[in-house]
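Enquirer: This is what each chain is made of:
Protein chains: 2
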Amino acid sequence: MPSKALFTDLYELTMAQAYLEEGKTGRAVFSLFVRKMPHRRNFLVSCGLEPLLEALEDFKFQDQEIKYIKSLGIFKDWFLDYLKEYRFNADLYAIPEGRIIFHNEPIIQVEGPLPDVQILETLVINIIHYNTLLASKSARCYIASKGKTLVDFGLRRAHGLDAGLYGARACYIGGFAGTSNLMAGMKYNIPVFGTMAHSFVMVFEEEEEAFRAFAKSFPNRTVFLIDTYDTLEGAKKALKLIKEGIKVVGVRIDSGDVKSLSREVKEIFEREGFKDVKIVVSGGVDEEDIQRWLSEGAPIDIFGVGTKLLTSSDEPYLDIAYKLVEYEGKPKFKLSPGKKTFPYKRQVIRHYENGLMSYDEVVPYREGGLVELVCKKGNAVKSLPTLKEIRELFMEELSKLPPALKSLDRREEYRVILL
Amino acid sequence: MPSKALFTDLYELTMAQAYLEEGKTGRAVFSLFVRKMPHRRNFLVSCGLEPLLEALEDFKFQDQEIKYIKSLGIFKDWFLDYLKEYRFNADLYAIPEGRIIFHNEPIIQVEGPLPDVQILETLVINIIHYNTLLASKSARCYIASKGKTLVDFGLRRAHGLDAGLYGARACYIGGFAGTSNLMAGMKYNIPVFGTMAHSFVMVFEEEEEAFRAFAKSFPNRTVFLIDTYDTLEGAKKALKLIKEGIKVVGVRIDSGDVKSLSREVKEIFEREGFKDVKIVVSGGVDEEDIQRWLSEGAPIDIFGVGTKLLTSSDEPYLDIAYKLVEYEGKPKFKLSPGKKTFPYKRQVIRHYENGLMSYDEVVPYREGGLVELVCKKGNAVKSLPTLKEIRELFMEELSKLPPALKSLDRREEYRVILL
Chain R
14 MPSKALFTDL
24 YELTMAQAYL
34 EEGKTGRAVF
44 SLFVRKMPHR
54 RNFLVSCGLE
64 PLLEALEDFK
74 FQDQEIKYIK
84 SLGIFKDWFL
94 DYLKEYRFNA
104 DLYAIPEGRI
114 IFHNEPIIQV
124 EGPLPDVQIL
134 ETLVINIIHY
144 NTLLASKSAR
154 CYIASKGKTL
164 VDFGLRRAHG
174 LDAGLYGARA
184 CYIGGFAGTS
194 NLMAGMKYNI
204 PVFGTMAHSF
214 VMVFEEEEEA
224 FRAFAKSFPN
234 RTVFLIDTYD
244 TLEGAKKALK
254 LIKEGIKVVG
264 VRIDSGDVKS
274 LSREVKEIFE
284 REGFKDVKIV
294 VSGGVDEEDI
304 QRWLSEGAPI
314 DIFGVGTKLL
324 TSSDEPYLDI
334 AYKLVEYEGK
344 PKFKLSPGKK
354 TFPYKRQVIR
364 HYENGLMSYD
374 EVVPYREGGL
384 VELVCKKGNA
394 VKSLPTLKEI
404 RELFMEELSK
414 LPPALKSLDR
424 REEYRVILL
Chain E
14 MPSKALFTDL
24 YELTMAQAYL
34 EEGKTGRAVF
44 SLFVRKMPHR
54 RNFLVSCGLE
64 PLLEALEDFK
74 FQDQEIKYIK
84 SLGIFKDWFL
94 DYLKEYRFNA
104 DLYAIPEGRI
114 IFHNEPIIQV
124 EGPLPDVQIL
134 ETLVINIIHY
144 NTLLASKSAR
154 CYIASKGKTL
164 VDFGLRRAHG
174 LDAGLYGARA
184 CYIGGFAGTS
194 NLMAGMKYNI
204 PVFGTMAHSF
214 VMVFEEEEEA
224 FRAFAKSFPN
234 RTVFLIDTYD
244 TLEGAKKALK
254 LIKEGIKVVG
264 VRIDSGDVKS
274 LSREVKEIFE
284 REGFKDVKIV
294 VSGGVDEEDI
304 QRWLSEGAPI
314 DIFGVGTKLL
324 TSSDEPYLDI
334 AYKLVEYEGK
344 PKFKLSPGKK
354 TFPYKRQVIR
364 HYENGLMSYD
374 EVVPYREGGL
384 VELVCKKGNA
394 VKSLPTLKEI
404 RELFMEELSK
414 LPPALKSLDR
424 REEYRVILL
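Going line by line, the protein sequences match chains R and E.
First residue of the first sequence? That's 14 in our numbering, and the numbers climb one at a time after it.
First residue of the second sequence? That's 14 in our numbering, and the numbers climb one at a time after it.
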């Protein structure tokens, strides 16, 4: 089984060898931050620290990997020995998961011997980037949902399997009630949801027969998918079964004009006094849909959000970078157009007005601010919060976010002052 | 170490239990296809079969996973026994990797006992979706590059680690020369590229000192990153070293006005007779940039393409589905608005005119067409092509693609007739 160590760009290793050869092994600080807010985001949610720490534990070059690197024919034997011995042994500073953050704020800062912290670059960016991207996207859905239930249905169209896993976790932090993804359910103890697909309905001669079969196998958690042939007819069949005493939690609509269908379906149940049947909607849903449908009064209780969520399709990446900001106590910055960086290890001081976030200052590091020391020489200095605690922290953060920044549209940029 | 079996939506398992309970264990065919071409794609490239078969081998519910599923409290003991024994044992039909494909063409068809093939849905979609998305995106870059060299730099901003791995492989199929990703290099024997980042230059007091240090450690493969402070000054320093006899393969520009900088930098070397110094360009590059720069005559030899490639940022997902099309020999189709499906296992017959693809017919399955039988009862019926062979097949396919469909802009849709 390969480790995580090879999820690395070749240039991290060429640089490390040249650093070692030149004796450039002094203390360096790298900072991971988002250079510019994406156009369609007013805030971001820090996410990915726990997955990152797990990957760092597994960042060890194994024999087959050393053999492969040697086969490239460009590295020296003493450097391969260095890699063999490599273990994560740096200091790591982080803005805790669940915190609301903005551009230029150091989500992760890694401090240690230069070659050791350089070669972590690719892994650190990869994991924090996607997790933060997803927590931020899911938070928008949560805001739009106004207390309705959200479920992540995105595994199938996430970019690979670990995107599905990280994504489910990030969405839970961002306010989702759960996921369809069993791996995420097992690994992170996130509630799992799901009942049936169209194929299930289609296998039976009659839709009603399919509903009965499902209810028989799962008497206490039935949600019928009612749009395989005709949504309103499907709803009437569900109603018939309810009247027979079958316990139906809800019905799901996966296509069509959701706004009017949800209303008509709800009415079919309400007319007969079954007000508790939940209306579940899925199929290409995003936060704009959720906001629009709810503002139009569509009686939807649960949203299954998938593809557009787990691919963060309106903003599929962040302008995130892992930059050298300090070496041997000296400031480091580059001047490339559009890619200026700011020197030194940093702290973020947040200022509030009337209980709401007002502006942030990013200052040379001192204790007492958003940034916390997480690892000292590779060892955790305190235990990580549980996923529930991270989620609660996010909810608390959200209550302090100025209302304008909760808009799905781009608003005036939050003020981040670099000092 | 968890297997791949839990990368599954809960509803696959609830459906499977209900199928088994109702004796719905007849032969079913599921078809994976793209319902509609993405707006910005004129063609797609089939990709992901080999990663899928690898994952299917590992699709086994292990003890800890069974324990977790049991803990959900909704499944019956006999069903957990079924899961414990589950092995991939179906027939699998595929359009080979590297083939150019269009909407409604069955990339993968899985045929076997209904519950057995239902529960593969999430995994099959996840892997084929991302791989096909990426091969299709990279093919656009390849077309735009007109024979220049392309390197995948996308691992850091791919959505997770396996997106980086699958992505590097898909890009190699789509015409890329290699990747920065060491894991992809090792696993798939793809050429790896990379030399230095800005941090390397910044650690040294002087840029020139950094260049010298790198060239000393890697005398035969030096590419200097020249835009950390001032691109033209950086080029002059590289020139100085070349004149001293240091072997420099090329220089990389990662920011600024690439069109004019690449020209000025090229001139700095050409004026002194060093015509072979390659110009490498990176930093937010996509196929539109490549096409524009080359059409404007920018003397670029190598493009490093990253974020926008591995996130397929202009089209971050495909409208792909895994649908039941046949059960016990009978046709199956649903009528949901916008999501109609077509029954029966299918073959794709491609028609050519003057050596160019003219139109496709999707017909009930028979031998002899794009679709091939790959596995019989879970066992491979022939050996898979090598990655190089897949890449060559793609190149051959590309030579038969009508010129209009090679445009980066959307053209008239290729004709796919469903019979």
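A portion of the hints provided could be inaccurate.
No copy labels: a pair is met if it fits in one copy or bridges any two.
[To be verified] Calculated pairs, DSS-like style, for lysine-lysine (alpha carbon to alpha carbon, straight line, at most 30 angstroms):
#1 LYS200 <-> LYS83
#2 LYS89 <-> LYS229
#3 LYS73 <-> LYS97
#4 LYS97 <-> LYS17
#5 LYS73 <-> LYS17
#6 LYS358 <-> LYS413
#7 LYS260 <-> LYS89
#8 LYS260 <-> LYS80
#9 LYS89 <-> LYS200
#10 LYS272 <-> LYS389
#11 LYS272 <-> LYS80
#12 LYS253 <-> LYS89
#13 LYS249 <-> LYS159
#14 LYS390 <-> LYS89
#15 LYS260 <-> LYS229
#16 LYS343 <-> LYS253
#17 LYS390 <-> LYS159
#18 LYS73 <-> LYS389
#19 LYS229 <-> LYS343
#20 LYS395 <-> LYS419
#21 LYS229 <-> LYS73
#22 LYS17 <-> LYS401
#23 LYS249 <-> LYS288
#24 LYS73 <-> LYS200
#25 LYS200 <-> LYS80
#26 LYS17 <-> LYS200
#27 LYS358 <-> LYS389
#28 LYS17 <-> LYS89
Source of the hints: derived by calculation from the structure; they are not laboratory data.
Enquirer: None of the hints should be skipped; say for each whether it holds.
Expert: Hints, verified against the model:
no., hint, in the structure
1, LYS200 <-> LYS83, "between (35 angstroms within a copy, 15 angstroms between copies)"
2, LYS89 <-> LYS229, "between (66 angstroms within a copy, 12 angstroms between copies)"
3, LYS73 <-> LYS97, "within (7 angstroms within a copy, 32 angstroms between copies)"
4, LYS97 <-> LYS17, "both (13 angstroms within a copy, 29 angstroms between copies)"
5, LYS73 <-> LYS17, "both (7 angstroms within a copy, 23 angstroms between copies)"
6, LYS358 <-> LYS413, "within (26 angstroms within a copy, 55 angstroms between copies)"
7, LYS260 <-> LYS89, "between (69 angstroms within a copy, 19 angstroms between copies)"
8, LYS260 <-> LYS80, "between (60 angstroms within a copy, 27 angstroms between copies)"
9, LYS89 <-> LYS200, "between (40 angstroms within a copy, 22 angstroms between copies)"
10, LYS272 <-> LYS389, "neither (53 angstroms within a copy, 45 angstroms between copies)"
11, LYS272 <-> LYS80, "neither (59 angstroms within a copy, 41 angstroms between copies)"
12, LYS253 <-> LYS89, "between (75 angstroms within a copy, 27 angstroms between copies)"
13, LYS249 <-> LYS159, "within (29 angstroms within a copy, 59 angstroms between copies)"
14, LYS390 <-> LYS89, "within (27 angstroms within a copy, 48 angstroms between copies)"
15, LYS260 <-> LYS229, "within (10 angstroms within a copy, 75 angstroms between copies)"
16, LYS343 <-> LYS253, "between (75 angstroms within a copy, 28 angstroms between copies)"
17, LYS390 <-> LYS159, "neither (43 angstroms within a copy, 49 angstroms between copies)"
18, LYS73 <-> LYS389, "within (18 angstroms within a copy, 39 angstroms between copies)"
19, LYS229 <-> LYS343, "between (70 angstroms within a copy, 25 angstroms between copies)"
20, LYS395 <-> LYS419, "neither (32 angstroms within a copy, 56 angstroms between copies)"
21, LYS229 <-> LYS73, "between (50 angstroms within a copy, 27 angstroms between copies)"
22, LYS17 <-> LYS401, "both (27 angstroms within a copy, 26 angstroms between copies)"
23, LYS249 <-> LYS288, "within (14 angstroms within a copy, 76 angstroms between copies)"
24, LYS73 <-> LYS200, "both (22 angstroms within a copy, 17 angstroms between copies)"
25, LYS200 <-> LYS80, "between (32 angstroms within a copy, 12 angstroms between copies)"
26, LYS17 <-> LYS200, "both (18 angstroms within a copy, 13 angstroms between copies)"
27, LYS358 <-> LYS389, "within (15 angstroms within a copy, 59 angstroms between copies)"
28, LYS17 <-> LYS89, "within (22 angstroms within a copy, 37 angstroms between copies)"
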